[in-house]
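Kindly produce the complete structure, drawing on both the sequences and the hints.
Residue-level listing of the chains:
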Amino acid sequence: MDSRLTQFDELAGADGCTRAPYRKLSQWLASTPPELLASRREQAELLFRRIGITFAVYGAQEATERLIPFDILPRILARSEWAALEKGLIQRVAALNAFLADIYGAGDILKAGIVPADLVYRNPAYCPDMAGRRVPYDIFVHIAGVDIVRTDDQGFFVLEDNARTPSGVSYMLENREVMMRLFPELFALHRVAPIENYPDELLATLRSVAPPRANGDPTIVLMTPGQYNSAFYEHSFLADKLGVELVEGRDLFVRDDVVYMRTTEGPRRVDVIYRRIDDDFLDPLCFRPDSTLGVAGLMGAYHAGNVTLANAVGAGAADDKAMYTYMPEIIQFYLGEAPLLQNVPTFRCREAEALAYVLDRLDQLVVKEVNGSGGYGMLVGPHATKAQIEEFRAKLKAHPQNFIAQPTLALSTCPIALASGVAPRHVDLRPFVLQGANGARVVPGGLTRVAMTEKSLVVNSSQGGGTKDTWVIDDAWVDEEAMGQA
Amino acid sequence: MRIRIRHETTYRYAEAPRMAVQHLRLTPRNHDGQHVVAWRIDVDPDCRLIQSEDAFGNTLHRFSVDGPIESISTVVEGEVTTFDMAGVVSGAVERFPPILYMRETPLTTPSAAICDFARETTSKESGTLAKLHALLGAIHESLTFDAAATHSATTAAECFEQRNGVCQDFAHLFIACARGIDAPARYVSGYFLSSDAEDQVAGHAWAEAYVEDLGWVGFDPTHGVAPHENHVRVAVALDYLGAAPIRGTHSGGAGETLEVKVRIAQAAAFSQSQSQ
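Chains A and B are the protein sequences, given in the same order. As numbered in the working numbering, residues 1 to 486 make up the first sequence, in order. As numbered in the working numbering, residues 1 to 276 make up the second sequence, in order.
Heads up, a few of these hints could be off.
[Said to hold, decoys possible] The calculated label-pair distances, taken between Cβ atoms and stated as ranges, are:
no. : chain 1 : residue 1 : chain 2 : residue 2 : range
1   : A       : Asp280    : B       : Ser251    : 50 to 58 Å
2   : A       : Gly216    : B       : Arg12     : 56 to 64 Å
3   : B       : Glu120    : A       : Glu329    : 38 to 46 Å
4   : B       : Ser251    : A       : Asn371    : 26 to 34 Å
5   : A       : Ala83     : B       : Arg48     : 52 to 60 Å
6   : A       : Gly266    : B       : Met1      : 50 to 58 Å
I should point out that these hints are in silico values taken from the structure, not numbers from a laboratory. Just so it is clear, CB atoms sit at the ideal spot from N, CA and C, and this is done for glycine as well.
Put into structure tokens, the structure is as follows:
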């Protein structure tokens with residue numbers, strides 16, 4: 001089993017012959033003394049400590065803030081690989097948006113019997129309060145973080161669509177900044193596509209969906225649940241990069257369906273809220289009455305069209321792991337196109353036949369809770385103890401509809417630099433897709449997450465995973481080589 | 001029957017808040033079982049009342065007032081003609097398919113004990129309607145009405161454990177049980193004309209469950225009956241939170257006290273008592 005799990009290395013390829021995108025890195029590594037790598041690793045650690053990137057881990061006994069492990073070797077994609085991925089991502093987000101507009105609108109896909117109605121209406125992330133409401137330009141998902149894995153050099157699979165408040169983009173930006181300081185010589189060897197424009201692209205996206213009254217000059221704020229949130233660092237980082245105010249619920253108020261921000265110069269009308277707070281906490285008059293993080297009356301202002309929320313309320317109804325299994329059909333239904341990115345084959349445990357199959361093979365499959373995220377509530381069969389497997393068996397039998405199962409994927413590996421030398425580790429990729437009224441854009445790259453432990457497949461930072469810089473490099477070398485050989 | 005209702009809610013503050021926002025679901029709509037003859041809503045202090053329809057089709061009024069606020073008083077008053085429909089609710093505004101009302105909410109999540117109770121209670125019955133009536137009787141029998149025992153955030157599971165509560169708790173328990181036997185169910189807030197008391201300290205609440213071929217059917221577990229012409233239906237939702245007559249919040253201020261006066265009478269009797 002384990003041999004199958006390590007079959008595709010993005011540097012070495014399937015046949016052990018260095019893959020083209022990694023050729024220069026590989027040569028550089030061969031000519032670089034181990035001491036240099038070691039000192040760069042130390043420098044990286046120092047830089048991150050100084051910047052102060054930390055991540056709060058829920059459920060950990062000891063103190064909550066720690067540094068996310070960073071690996072100094074870039075993960076490299078050729079522009080041709082990226083181009084295909086980008087097209088697929090944009091298609092996927094277009095379908096997610098069409099689906100959300102439909103389930104909160106006419107419900108055509110339910111009437112057509114393609115997605116079961118109970119999966120939508122009983123989905124905890126479906127927001128009844130959004131039914132019959134239009135959102136600006138019918139865009140629900142303005143920012144998506146789509147988790148991608150690959151198993152060979154052919155294609156990419158989508159593991160998860162994160163359509164609520166996906167995080168991690170600050171690591172993508174910081175990783176690049178640190179890499180440029182650490183390895184100017186490597187950047188000189190490659191033509192690496194820039195990602196530094198992400199904040200500008202995000203700002204343009206948010207501006208494009210502002211209410212018309214903002215007259216092209218909207219006031220945008222980033223709303224955080226506060227400093228105890230695991231991604232607070234990212235919230236303050238992004239607000240800073242975007243040049244917008246970082247606000248908490250208590251900094252905002254609603255008067256006659258208009259949202260205002262308290263400022264030293266008096267109330268200022270707010271047009272767009274990039275919110276990094278979950279639906280449930282947005283407005284104590286509509287959702288959890290005990291929420292002190294939200295703004296009373298916010299939903300009224302939202303429904304009146306006086307403020308745009310990104311992402312839209314109720315967007316989570318599309319990224320649920322059960323809905324995920326219908327994405328190929330969803331793409332086909334709304335866009336009339338075949339999906340460019342494949343789903344990981346997934347068993348819906350709500351279906352009796354699938355459940356029986358899954359229960360027979362718990363030691364081989366990955367079982368996920370439909371509404372879980374961040375690697376919580378997940379069973380990785382091949383790496384689980386007997387007790388863990390039995391615990392999941394009981395859960396599955398009690399509430400099969402709450403689970404899906406997938407084969408343990410042979411996730412690709414990338415080299416990482418360890419004290420002991422360079423070694424392969426499993427990776428995934430979270431590119432960030434922006435969808436505005438003026439089109440969709442994806443900065444070339446994303447956040448590569450890496451399982452720091454040998455053979456581990458869990459890359460979530462909440463589970464001890466690390467990150468890498470992700471490079472999309474020009475394929476010019478392909479032509480050079482082709483010509484050289486000719 | 002023609003029913004006259006006056007419902008006054010007053011919040012007073014020992015220390016005046018800077019600002020307050022409220023959502024009101026206090027306006028009944030027509031359906032086959034009731035016709036709203038006249039209805040008005042008044043809020044003091046003066047403010048802009050914004051009227052809209054919420055997701056479930058209820059009439060929603062929203063307002064915000066600036067402080068310092070010593071008190072907020074809301075009065076609704078009107079007349080409704082009701083007809084006994086044997087509990088069947090037809091001609092009402094429906095914004096969702098019944099399946100939506102299978103959603104669990106924190107207030108209505110069935111505990112293991114509730115599931116057992118629902119199963120045992122209904123095991124000998126066949127057909128959804130018979131099962132629901134069995135639940136109605138069993139809940140009415142096994143719970144004691146006790147206004148001091150619960151509060152607005154008491155869950156169905158808590159209420160079932162202590163076996164007492166108010167109409168809201170009875171309704172939540174019925175909803176949890178009904179969904180537990182796969183019948184979509186929802187919360188109804190409204191008014192009840194009682195034969196023994198014109199003046200009441202609260203509105204009423206009951207439940208509706210969906211029965212194939214019949215549609216939505218009302219169940220009033222507090223009284224152990226199907227709603228009839230003494231019931232005036234105001235708002236529906238998944239639970240109390242979605243249908244609450246008043247949901248509000250204020251910033252600053254302290255020492256909030258609440259006074260509710262509800263007067264419900266047959267229209268003729270009401271005008272007599274007014275002229276005395």
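A quick look at each hint next to the structure:
{"no.": "1", "hint": "Asp280/A / Ser251/B: 50 to 58 Å", "in the structure": "violated, 20 Å"}
{"no.": "2", "hint": "Gly216/A / Arg12/B: 56 to 64 Å", "in the structure": "violated, 47 Å"}
{"no.": "3", "hint": "Glu120/B / Glu329/A: 38 to 46 Å", "in the structure": "holds, 41 Å"}
{"no.": "4", "hint": "Ser251/B / Asn371/A: 26 to 34 Å", "in the structure": "holds, 33 Å"}
{"no.": "5", "hint": "Ala83/A / Arg48/B: 52 to 60 Å", "in the structure": "holds, 53 Å"}
{"no.": "6", "hint": "Gly266/A / Met1/B: 50 to 58 Å", "in the structure": "holds, 54 Å"}
Consistency note: the structure conflicts with the earlier hints numbered 1, 2.
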